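Asks: Each chain, written out:
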Amino acid sequence: MDDTRDPLIAVDDVHVTFKTMAGEVEALTGVSFDIHPNETVAVVGESGSGKSVTALAIMGLLDGGGVSGGRIVSGGRNLAAMSEKQLRGVRGSEIAMIFQDPMTCLDPLYTVGNQVVEAIRLHHKVSKKEATQQAIELLAQVGIPDPEKRIRSYPHQLSGGQRQRVMIALALACKPRLLIADEPTTALDVTVEAQILQLLRDLQKEYEMSILLVTHDMGVVAEMADRVVVFYAGQVVEQGRVDQVLRDPRHPYTTALFEGIPTPHTDRSEPLTAIPGAVPSLRELPSGCRFNPRCRLAFDKCTSGAVPLFALPDGRQSRCWLAETDDASRSVSEPLAAEVAQ
Amino acid sequence: MTAQTTHNTAEERPAASGDTLLAADSLVKHFPIHKGFLRRTVGQVKAVDGVSFEIRRGETVGLVGESGCGKSTVARMVTRLIEPTSGSITFGGADLVGMPRSELKDFRRKIQMVFQDPFSSLNPRMRIVDSLGEPLVAHGLSKGQSKVDRVCELLELVGLSAKDRNKYPHQFSGGQAQRIGIARALATDPDLIVCDEAVSSLDVSVQAQVLNLLRRLQGELGLSYLFIAHDLNVVRYISDRVYVMYLGRMVERGAAEGIMAEPQHPYTEALIGAIATPSGEGEERRIRAVANGAVPSPSNPPSGCHFHTRCPFVMDRCRSEVPPLYELSEGRASACFLREKEAVS
Chain A
5 MDDTRDPLIA
15 VDDVHVTFKT
25 MAGEVEALTG
35 VSFDIHPNET
45 VAVVGESGSG
55 KSVTALAIMG
65 LLDGGGVSGG
75 RIVSGGRNLA
85 AMSEKQLRGV
95 RGSEIAMIFQ
105 DPMTCLDPLY
115 TVGNQVVEAI
125 RLHHKVSKKE
135 ATQQAIELLA
145 QVGIPDPEKR
155 IRSYPHQLSG
165 GQRQRVMIAL
175 ALACKPRLLI
185 ADEPTTALDV
195 TVEAQILQLL
205 RDLQKEYEMS
215 ILLVTHDMGV
225 VAEMADRVVV
235 FYAGQVVEQG
245 RVDQVLRDPR
255 HPYTTALFEG
265 IPTPHTDRSE
275 PLTAIPGAVP
285 SLRELPSGCR
295 FNPRCRLAFD
305 KCTSGAVPLF
315 ALPDGRQSRC
325 WLAETDDASR
335 SVSEPLAAEV
345 AQ
Chain B
15 MTAQTTHNTA
25 EERPAASGDT
35 LLAADSLVKH
45 FPIHKGFLRR
55 TVGQVKAVDG
65 VSFEIRRGET
75 VGLVGESGCG
85 KSTVARMVTR
95 LIEPTSGSIT
105 FGGADLVGMP
115 RSELKDFRRK
125 IQMVFQDPFS
135 SLNPRMRIVD
145 SLGEPLVAHG
155 LSKGQSKVDR
165 VCELLELVGL
175 SAKDRNKYPH
185 QFSGGQAQRI
195 GIARALATDP
205 DLIVCDEAVS
215 SLDVSVQAQV
225 LNLLRRLQGE
235 LGLSYLFIAH
245 DLNVVRYISD
255 RVYVMYLGRM
265 VERGAAEGIM
275 AEPQHPYTEA
285 LIGAIATPSG
295 EGEERRIRAV
305 ANGAVPSPSN
315 PPSGCHFHTR
325 CPFVMDRCRS
335 EVPPLYELSE
345 GRASACFLRE
355 KEAVS
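As you go down the protein sequences, you meet chains A and B in turn.
For the first sequence, the tail end lands on 346 under the numbering used here, and the numbers increase by one without skipping.
For the second sequence, the tail end lands on 359 under the numbering used here, and the numbers increase by one without skipping.
None of these hints come from the bench; they were simulated from the model.
Keep in mind the model is a prediction, meaning the values are calculated, not measured.
Take the hints with a grain of salt, since some may be wrong.
Below, simulated DSSO-like cross-link-like pairs (lysine-lysine); rule was C-alpha separation at most 30 angstroms, straight line [stated by the list, open to error]:
#, chain 1, residue 1, chain 2, residue 2
1, A, Lys129, A, Lys153
2, B, Lys119, B, Lys161
3, B, Lys49, A, Lys153
4, A, Lys209, A, Lys179
5, A, Lys23, B, Lys181
Using the sequences plus the hints, can you model the full thing?
Replies: Pasting the structure below:
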């Protein structure tokens, strides 16, 4: 990755705390990563790992909590410190978001056309007629057949894939520079998923936008992402270029995550290599490394004190003591000196 | 579905013992569409349209297809939660279709189900001991202390602790709750468990645990599974044989590995081509083959072969004639005219 360019968005040491009946819960603990122009960054992790919270924090959509520390920098401004009114100018026009379930995000009482026209007119001063024309063009662009007719359809008259296309059209209405896609294909069938991902790739080129893809599907990551950020229990545990992370993960959690997924080459006669236990509750985090109770490679150091995010060669990062010395058996050729603890 | 036969050939599956546990023949389920004030029937949704399959003792049969293809309707007919419009389901020598409720009760014990969302299938206000004990009481299998003992035994069987019996569902993680769902299915000592997307809502690290658990239980208890899922890699891993459905019809059948390695129907090929797979060593980033369009509505399916509207190999014939399920070698079968010449009978 070309790190000399200014990132489009820099998430810098972000902490998110939710106040609940049973006290405060820290959902994100010091999360940092960059999104560069035209880049697709995948955020992966299991439920409760903080990946969706990260997406919502960037959008300024956190409910019942907020960014309690750190900054989200875009174009010299700190989004985390902006007022709701200022954020409204950013949302939609600079950053847009699509969600997992398009049915719950579209208003069932308004036609698809109404909703797209509204999105256009909120940000641009154009006549209704002009906005309608733009809406038809947008719907055509996201691959809705017969957009002139479809503009009069209600969400329930569309298939799941078409609804997701409408969501994408809504998100693109103001040509955002960053599209946040939170599990955009999880609710769709595989053949439709493939079509939607293809559409996102095409639109990314055309609109020259960055995509932040939140997903738990490693297949989708492999297909879409340039870089991948792996979350575990509210922390970034590993990040790097997608080909490197997939081929040679540097955190035991990432390794274990890949091993547990059946592939077309999995030996059917053997049990799958499962990670024991479950993701810890954010209220009862283990001491030391948050993954240590489930880690095959855990040793005494892992149970005491937080693990820093080690910077590895090639811009990679890993939050594992094993990466501290860049163990020779794991390293390919890079010198040991390249690491700096964050 | 004329060409599909229910007799089993021994060479088809060496791992399973061979005797048929459940055989479904020409199953049909049509749901009427009502419209207007008088709720007149204006059409039929042909959710399942003449499907035949069989499940042998100790075997895992995978059932795949996109949403709306009728997988879950098949599951509900097998568990007799809904009545088929026509066709037969033979289980242990008796036909379950049209069987009076009183007799059906014994068979319900033998066919159990595990659902997709473990939390919505467990009563949040019931302790685990009561949730798991309910089927035992309902079927008159045990009560009182022996019920509690059986619940403890079940919890340990699925890898939980007997101490968990007094907890409520919300005190468990998703993976643990699904283990409880499996324990409840096991309570009545069934022969067949229908798993309808049983691992689909679980996190990847937990999914592997539950798949391993299902396999271990199969080995220990000699269970058969009807495993319904949309993740083809999971289905390939867990199943011995796989059936592929499209818009209410079977389009392909075969051994799990064979079907994934060499699909014999364009639809199966499209499904497999559509899976995103984390690439292995040195593999190029794979851009998926994209099948056109979405599944047409089952209330108004295309004529002829249902898949012809999306098929890259479509011929004139496909638009008017319904291809039968051609029997191919090694227990494979495909409902595609392209395979007509290879049909063995």
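Asks: Run every hint past the structure and note whether it holds.
Replies: Hints, one by one, checked against the model:
no., hint, result
1, A:Lys129 / A:Lys153, "holds (25 angstroms)"
2, B:Lys119 / B:Lys161, "holds (19 angstroms)"
3, B:Lys49 / A:Lys153, "holds (24 angstroms)"
4, A:Lys209 / A:Lys179, "holds (12 angstroms)"
5, A:Lys23 / B:Lys181, "holds (26 angstroms)"
Violation of the numbered hints given earlier is absent; every hint is satisfied by the structure.
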